[in-house]
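Spelled out from the first residue to the last, the chains are:
Number of protein chains: 2
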Amino acid sequence: MQKNEGKNISQAVIARLPRYYRFLGDLKDAGVERISSKDLSIMMKVTASQIRQDFNNFGEFGQQGYGYNVDFLYEEIGKILGLTTEHRLIIIGAGNLGHALTNYSNYENRGFHFMGLFDRNEQVIGDKIGDLKVMPMEKMEEFIRENDIDIAVIAIPKAGAVEVADRLVRCGVKAIWNFAHVDLNVPSDVIVENVHLSDSLMKLSYNLTNR
Amino acid sequence: MQKNEGKNISQAVIARLPRYYRFLGDLKDAGVERISSKDLSIMMKVTASQIRQDFNNFGEFGQQGYGYNVDFLYEEIGKILGLTTEHRLIIIGAGNLGHALTNYSNYENRGFHFMGLFDRNEQVIGDKIGDLKVMPMEKMEEFIRENDIDIAVIAIPKAGAVEVADRLVRCGVKAIWNFAHVDLNVPSDVIVENVHLSDSLMKLSYNLTNR
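Going line by line, the protein sequences match chains C and F. Note that the first sequence covers residues 1 to 211 in our numbering. Note that the second sequence covers residues 1 to 211 in our numbering.
Worth double-checking, as some hints may not be accurate.
All copies of an identical chain are treated as equivalent in the list; a pair is satisfied when it fits inside any one copy or across any two copies.
[To be verified] List of simulated lysine-lysine pairs, BS3-like, C-alpha gap at most 30 Å:
id, residue 1, residue 2
1, K158, K128
2, K28, K158
3, K158, K45
4, K45, K133
5, K158, K133
6, K28, K139
7, K28, K133
Because the hints were derived from the structure by calculation, they are not lab data.
Let's have the full structure, built from the sequences with the hints guiding it.
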């Protein structure tokens with residue numbers, strides 16, 4: 001079904017896939033079995049041709065005149081997004097944001113397993129947050145190697161983030177989900193996905209001021 | 001200096017402004033007074049022509065051959081982003097995410113004032129988080145009107161978010177910073193800026209799986 005191997009899918013299409021996945025998940029939960037690209041387009045407020053075009057990047061999902069099979073499409077997009085692969089994550093930073101991410105329960109059944117939580121503040125070492133115990137930063141490298149961690153979440157302030165990213169890359173972490181308000185400098189084969197909350201709030205501010 | 005009135009700036013350009021603002025802020029803090037578009041482009045890993053093109057949307061910021069005045073450019077982009085306007089915010093949801101956002105200190109000096117925090121859980125009503133006391137949801141409308149709130153932050157799960165958004169819109173909130181994992185249905189003059197953390201993690205997963 002996937003014909004994306006060796007093909008470059010634009011980041012714009014990729015950025016839209018999780019939203020399709022979310023809407024299809026809602027339809028599935030609601031017991032809907034089939035949906036036309038027209039109905040999906042109304043629901044998602046994008047054009048039907050955009051939907052067809054996006055899905056065409058990955059193969060043939062629909063059958064002319066019959067619409068899409070919701071279950072099938074949901075599963076296929078999940079596969080494309082890599083959600084059928086198990087991922088093992090650690091979080092750096094046991095502050096409020098680290099807490100929030102640890103407790104975010106939706107991830108587990110999509111293959112994201114939070115394995116460890118690290119902080120440099122001695123006061124919180126040993127604290128339990130959900131199922132995880134906060135460990136000292138000195139243990140990080142060893143833990144990553146022993147537990148085959150592939151994703152690290154940086155949830156610490158800007159000041160320490162660049163150095164931590166270097167350490168993560170050196171011991172083989174392949175992807176970083178970065179919440180620190182700084183651009184990380186990592187080799188090109190390491191995936192970085194930034195969540196810059198201030199940037200998002202400023203974009204809101206712009207649109208509010210100039211609406 | 002601003003010539004953007006009545007002109008449509010693309011959301012792609014707007015989305016890049018906060019990043020320029022961040023880098024210029026760092027340069028300013030480091031005591032740098034002038035920078036060429038070439039040096040800025042190396043630092044930011046975008047082309048110099050992209051930078052010139054982006055800034056041209058808003059007027060003439062640089063002087064041929066002299067580069068950009070960092071202080072001036074920082075201030076101007078701040079104005080464009082609406083950061084010289086005072087904004088008054090409330091947060092709905094006093095969970096970990098609400099905590100994290102309340103304590104995020106960088107906002108205050110950019111004109112974002114967090115005025116109130118609301119939760120439906122009786123156990124946490126009256127708790128103090130930073131300077132804010134958690135208030136019950138029933139007080140929300142009154143508080144918004146009395147305190148001239150223009151932005152609301154939705155930091156509650158998906159289930160209650162749509163209903164809360166309706167209430168916010170009805171009492172005059174003009175912008176919503178939405179962390180709930182659902183698309184809100186609000187009138188077109190209400191600004192919604194979504195932070196869908198799961199979408200971001202799935203995008204990372206895609207890029208890790210298909211790298």
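Hint by hint, which ones does this structure get wrong, listed from lowest number up? 4, 6, 7
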